[in-house]
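With chain P fixed as given, assemble chain F onto it according to the hints.
As given, the protein sequences belong to chains P and F, one line each in that order. For the first sequence, position 80 matches number 80 in my numbering, and the numbering has no gaps at all. For the second sequence, position 203 matches number 1203 in my numbering, and the numbering has no gaps at all.
Among the hints, erroneous ones may be present.
Here are the simulated PhoX-like cross-link-like pairs (lysine-lysine), alpha carbons at most 25 angstroms apart as the crow flies [as the list claims (entries may be wrong)]: (1) P/Lys109 x F/Lys1004; (2) F/Lys1036 x P/Lys78; (3) F/Lys1049 x F/Lys1063; (4) P/Lys109 x F/Lys1005; (5) F/Lys1036 x F/Lys1058; (6) F/Lys1005 x P/Lys52.
These are calculated hints, taken from the structure and not from any lab test.
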Amino acid sequence: MIIAILGILAGILIGLYLPYEFSTISSLYISVGILAAIDSILGALRASLEDKFDAVIFFSGFIVNALLAISLSYLGDKLGVPIYYAAIFVFGTRLFNNIGSIRRYTIDKYRGKI
Amino acid sequence: MTNKKNVLIFLSVLLGIFIALQVRLVSSGAKYMSIKDMYAYSIELESQKSEIDQLNNKINEIKSQIDAYQTAKDDDGIDYEAFLMSEIESTRKIAGLTDLEGPGVIIIVTDGTRELNENENPNNILVHDIDIRAMVDDLRNAGAEAISINNERVVFNKSNVQCTGPTIKVNDQVFAPPYIIQAIGDRKFLESAINAPGSYSESLRQWGLFVEVNTSININIPAYDGFVDYQYLN
Chain P
1 MIIAILGILA GILIGLYLPY EFSTISSLYI SVGILAAIDS ILGALRASLE DKFDAVIFFS
61 GFIVNALLAI SLSYLGDKLG VPIYYAAIFV FGTRLFNNIG SIRRYTIDKY RGKI
Chain F
1001 MTNKKNVLIF LSVLLGIFIA LQVRLVSSGA KYMSIKDMYA YSIELESQKS EIDQLNNKIN
1061 EIKSQIDAYQ TAKDDDGIDY EAFLMSEIES TRKIAGLTDL EGPGVIIIVT DGTRELNENE
1121 NPNNILVHDI DIRAMVDDLR NAGAEAISIN NERVVFNKSN VQCTGPTIKV NDQVFAPPYI
1181 IQAIGDRKFL ESAINAPGSY SESLRQWGLF VEVNTSININ IPAYDGFVDY QYLN
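Extracted from the complex, chain P is given alone in its bound form (with noise of 0.2 angstroms):
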């Protein structure tokens, strides 16, 4: 979990001073890409504390997650329906479902611990 967050400071940091931006035009879709990752890394986590994590698994739904979520966007732009709003819920329901497991296993192990 430490290993996780270091990591996004690490990135926060590279990406601050990175000579590259986004064009405008992507944001949205960089945007639920960027939720979707928060996702995936979070699912990775918590996979991890149940000793369930597969490498595998967490890259390609990173990847694939992603991917998906910026295509649909994409599309949803195109027919004029805001497919994006799908996305964030999903993600969003995920993510914090994620981040309560996390949380209730950190208790949990914190109290068997004592």
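This is chain F only, laid out in the frame that chain P set:
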């Protein structure tokens, strides 16, 4: 285990990079916009740009005009009097204050001579002020540049055509039939404006009134000789 950790670290860093880039993008003031909105904005941008172009052209035009005036100020060779006189002349011509001549048509309208049917209203075969007005409007639509009724000039803002019993008042002078309308303009157009099927004069003919159109290569139309006195214009 190290492999798993590496994957986690790699993807975390990737996520961090994306988050940072996105934050930079959002905080730079850019905001999300749907493709449809962008299309609308791009069209608006285009029209604004063309408007700016037009305004710039206008600026240049006015600047060159100012330059012309500036040089004219320093130039003694320009005859201001003649220029102003020609300006006044053209204004008077437009206002109908000069005698005019040119090619055009002469229209003769008079009451019908047919036998009235039983109980028929004799108004049906009389020329009314509204008939004259409609014909004048037809002529104007056909491009008449000057119009007179019984040698009374019809001007835009002052001429009146009024019904006064069996007679018609034009420019405060009373006339009895026949009425002679003269118009300067394209002879073919004016003639067909009166003769065309469906025109007002054609329906007058069907009622039994007498309408005759002749073209002429030289028509004289007198100036408006009434008095124009505005009381309410500032």
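Verification of the hints:
no.: 1; hint: P/Lys109 x F/Lys1004; result: holds, 22 angstroms
no.: 2; hint: F/Lys1036 x P/Lys78; result: holds, 9 angstroms
no.: 3; hint: F/Lys1049 x F/Lys1063; result: holds, 21 angstroms
no.: 4; hint: P/Lys109 x F/Lys1005; result: holds, 21 angstroms
no.: 5; hint: F/Lys1036 x F/Lys1058; result: violated, 33 angstroms
no.: 6; hint: F/Lys1005 x P/Lys52; result: holds, 14 angstroms
Comparing the model with each numbered hint stated earlier shows that hint 5 is the single one that does not hold.
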